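**Student:** One-letter residues, chain by chain:
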Amino acid sequence: MSVLRMSAAERRLLPGGRLSGATPWLIAIMTFVMMLVAAAGLTVSHGAATLEDASASRYTLQLPGGAGKEEALAASIRGLPQVRSVEAVPREAVVDSLERWLGAASEGADLPIPALAEVTLTPGADAAVVEKAARTKFPTAQLSSSRSTLAPLVRSLRALGWVSLGLVLLIGLAAGAAVVLATRAALAANRSTIAVMHGVGATDAQVAALFQRRMALDALAGALVGAAAAGGLLLLLFGAGQVSERWLGGGAPIGPGALFVLALLPFAATLIAMTVARGAVIATLRRTP
Amino acid sequence: MMVSFEGVGLRYGTEAEVLRDLDFTLDKRGFYVLTGPSGAGKTSLLKLLYLAQRPTRGRITMFDQEVTDLPREALPPLRRRIGIVYQDFRLIEHLSAFDNVALPLRIAGMSDADLEQPVREMLAWVGLSDRARAKPPTLSGGEQQRVAIARAVIARPELLIADEPTGNVDAEMAQRLVGLFSGLNQLGTTVVLATHDLSLVKQVPGAQLVRLEGGKLSDPTGALRHPPQRREEAGA
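Protein chains in written order, with this note's numbering: chain E, 1 to 289; chain S, 1 to 236.
Just chain S, with the same shape it has in the complex (with noise of 0.2 Å):
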C-alpha cells in the first residue's frame, strides 16, 4: 500500500469543506487517472498527497506510516519520495532548464560532477537539449512543461503526482510524457495524474479512473475497491 485515506476532511479556514469523507487507498504501482469537473477538489486532494496541506480530519498514510500529524521536520525526506508536476509548473524562474532539472538532486545532496549526466540525460528525454541554459521565461508552454516533468521524475519518485501534465504539450508530446509516466510506472512508481483528458486513461494500459465531485471520490471502475491491474497483467 502506497497511500491510504480514512475519513479525511479539508476546509479552508471556516468555510465548507471542500474534500469530505475521502477513504481510499492507493497501492504500490498503481496508474490513477483523477479526473472530475473544475472546482471538484482534485488539486486539494493533490496537495494532501504531496504533503503541502493538511486535513482538518481523518488519518492519512502514506510509505508506510502515517502523516497526519508528523512533525514538520519529518516531512521532507517523504518530500523526496515524491514527484510533482504542478499545473502551472512552478518553475524557478531565474534558474536555467538544467537547474530546475537538478534541483531535487542537489536539495538531496548530489554534488555537481555527480548530477551532470542524469540531468543531461532526462533534458535530452523530453526533448530539451539544446535549450539546457535557457531560462523559463524564453521557454514556451510546452517546454515549461516538459521542464516540469523532468524535474519531477529526476529523482525516480515513488510516488508521481501530476496535475494537469500534458495541458500544454502537443499529441505527440503528451503521448510521450504518457510513455515516460508509464515507464516509470512500469519501474515500480505509483502514478497519480489528474487530468481532464479521459483519452490518457486508454493510453496506459491498467490505468485506473478515479472520479472526485463534490468533494467525495466515486469510483467507477473499482479501482479503490480492489488492487490495480499490473501492466504485465493488463498487457497479457
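Bound conformation, chain E alone (with noise of 0.2 Å):
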C-alpha cells in the first residue's frame, strides 16, 4: 500500500471524501495569501534588480547656479567616448520641478537654479575623466551617480524582498500545523479502522499512506483553488499595467524565473501537507502501544 499505487478497496479504507471539509479551503486560503506575498516579493526585488541595472551607467552633470548654460554644459562632454548620450534638461523642466516642492513661490524667487544634463555612460567607462572633461569649461561642475542616489531606495526594495520570503515562510508553517491539526483529527476519527488494521498486521507506514494521500489530495485541491484565485488577481494587477508603469517605467513587473516559482508554490504546498502529514501521522502512531 503505497501513495501513488492504492488500489480502489485500499481507498475506501477511510470513510467519506476528505479528511476535513475545512482542510482544502484552510490550504486554498493560505496558498492564496502564500502567492500574493511571493508574488509581491518578486516583484519588489525584481524591481530593485531592474532599478539597479537602469540606474548602473545613469549619471546627472549638474553646474550650481548655472540655469541657462544647460546646452553648453552637455556640449562640454558630448562626442566623449566614454559618454554614449547627454542630454540639457530644460530650464523650464527644472523650474517645474522646484515647483512640486516650494510651490508657486518659487517662481520669481532668487533661487540658485542649477544648469543640468542627463548623461548615460558607455559600460565600464571612467567617471571621474568624464566630470574631469566638464570642468575644463566649468570649474565647478559636478557628475553624480543615479545609482548612489538610488541604492537606499534599492535597499529598501530588497529588504522588502526579504520580508516577504520571510512572511512566505510563516505562512508556510502556519499551513503546517493546521495540517497537523487537520490530521490528528482525522486519526481520532478513524482510531478504531486504525486499531484493526493493526491487529491485521499493517505497518505504520500503511496506516500513514492512506492519510497522506487523503491529504495530498486536499491540499492539492486547495493549492489549486488558492492559486487560481491569486493568479486571477495578479494578471489583473499586472496585466492592466498599473504596477508596472508606476514603478518600471514600463518595464516587465516579474522575471519569467519569478513566474515559475509563482507557479510551483501550489505543487511544493501540497507536497508540504503530505510529508508533514505523514509525519504527523508517524508520530500520534508511535505512541500507541
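FYI, nobody ran anything at the bench for these hints, they're computed from the structure. Zero decoy hints are in this set.
To give an idea of the interface, some chain S residues facing chain E are shown, with a C-beta separation under 7 Å as derived from the structure:
no.	residue
1	Pro76
2	Arg79
3	Arg80
4	Ile84
5	Arg90
6	Ile92
7	His94
8	Asp99
9	Leu103
10	Pro104
11	Ile107
12	Asp112
Simulated restraints, written as ranges between beta carbons of each label pair:
no.	chain 1	residue 1	chain 2	residue 2	range
13	S	Gln117	E	Ala283	35 to 41 Å
14	E	Ala263	S	Gly127	54 to 60 Å
15	S	Ser111	E	Phe267	29 to 35 Å
16	E	Ala185	S	Glu172	43 to 49 Å
17	E	Leu233	S	Glu93	39 to 45 Å
18	E	Ala263	S	Arg11	55 to 61 Å
Now the stretches of chain E that chain S is said to cover, found in silico as 3 or more residues with beta-carbon under 8 Å:
no.	stretch
19	7–14
20	183–195
21	198–206
Please read all numbers here as calculations on a predicted model, not as lab measurements. Virtual Cβ for every residue (Gly too), placed ideally from N, Cα, C.
The task is to assemble the complex, starting from two chains supplied on their own in separate frames and drawing on the hints.
**Tutor:** See the structure below:
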C-alpha cells in the first residue's frame, strides 16, 4: 500500500471524501495569501534589480547656479568616447520640479537654479574622466551617479523582498500546523479503523499512506483553488500594467524565473502538506503500544 | 512451542496488576479454551497474545523469538501470523463484508484479483455469500460475528485468538464455527479461544481447558504442564 499505487478498495479504508471539510479551504486561503505575498516580494526584488541596472550607467551633470547654460554644459562632454548620450535638461523642467516642492513661491524667487544634463555613460566608462572634461570649461561642474542616489531605495526594496520571503515561510509554517491538526483530528476519528489495521498486521507506513494520500488530494485541491484565485488577481494587477508603469517605467513587473517559482508554489504546498501529514501520523502512532 | 510466558505481569498505569506471574507455554497445534469469570483478565491476556499490549514485567516468546521488547516496526510481520476474533467484532463499518474479510490479505499485499476467490469461498463457508456487499451496520449480530471470524481465519494464521466467538450465533452456527476452528487446528493452527461456554471444550477432541482467575492461571487439566493431545491422538 503506497501513496501512488493504491487500489480503490484500499482507498475506501478511510471513509468520506475528505480528511476534514475545512482543510482544502484552509489550504486554499493559505496558498492564496502565500502567492500574493510571494508575488509582491518577487516583484519588488525584480524592481530593485531593474532599477539598479537602469541606474548603473545613468549620471547627472550639474552646474550649481548655472541656469541658462544647460546646452553648453551638455556640449562640454558630448563627443567623449565614454559618453553614450547626453541631454540638457531644459530650465523650465527644473523650475517645474522646484514648483512641486516649493509651490508658486519659487517663481520669481531668487533661487540659484542649477544647469542640469542627463548623461548615460558607456559600460565600464570612468566617470571621473567625464567630470574632469566638464570641469575644463565649468570648474564647479559635478557628475553624480544615479545609482548612489537610488541606493537607499534599492536597499529598502531588497529588504522588502526578504521580508516577503520570511512571510511566505511563516504562512507555510502556519499551513503546516493546520495540516498537523487536521491529520490528528482525522486519526482520532478513524482510531477504530487504525486499530483493526494494526491488528491484522498493517505497518505504520501503510496507515500513514492512507492519510498522506487523502491529505495530498485535499491540499492539491485547495492549493489549486488558492493559486487560481491569486493568479487571477495578479493577472488583473500586472495585466493592467498599472504596477509596471508606475514602478518600472513600462518594464515587465516580474521575470520568467519568478513566474516559474510562483507556478511551483501550489505543488510545493501540496508536497509539504503530504510530508507533514505523514510525519504527524507516524509520530502519533509511535505513541501507541 | 508457539508461545511462552515467563513471569509475565501486566498493569495499566498505577493500578494493581491485572495479570500476575504468568508462566505457561502454548504448543504448536494446541487447542486451548481459556475460561474464567468476568474481570479475571482474559481480554488482557489475549491482548498480550495478539501483541496489542506489552507486559510490564516478564518475558514473552512467540514464533521462536522474544517479543517483549521488540521494536514497533518488527511487530506487523508477527501480527500477520495471528488471527483475532474480537469480542466486539471490530468490523470496519464503512467497508462491505467482502472488504472486511479481504483486509488481512490486502494488508499482506495480495492483489484484488488474487484475493477475490478465497474471500468468496470464506464468505460462502460462513454462509454470507449473499451478504458480501452488505455493510456491518446492516448485518445482524450473528452475521457480524461470522464476518469477524472469516476475517480472522482468511490468511490461515498460525495462531488464532478468539474472544467469545460464539456468543452471538445460534447453536447450529456455533457448532459450525467450532468445527472451522477445529479444522484450522488440524491444519496446524494453534487456537486460543476465550469463552464462558465450557461445552465447546467437549466439541473439540483434545481441547485443553485453561482457567484464569484473579489475574493468575490455573491448569485444571494439566494442559499447560504437558504437551497438548493431538486431534488424531484424541480421536484414536
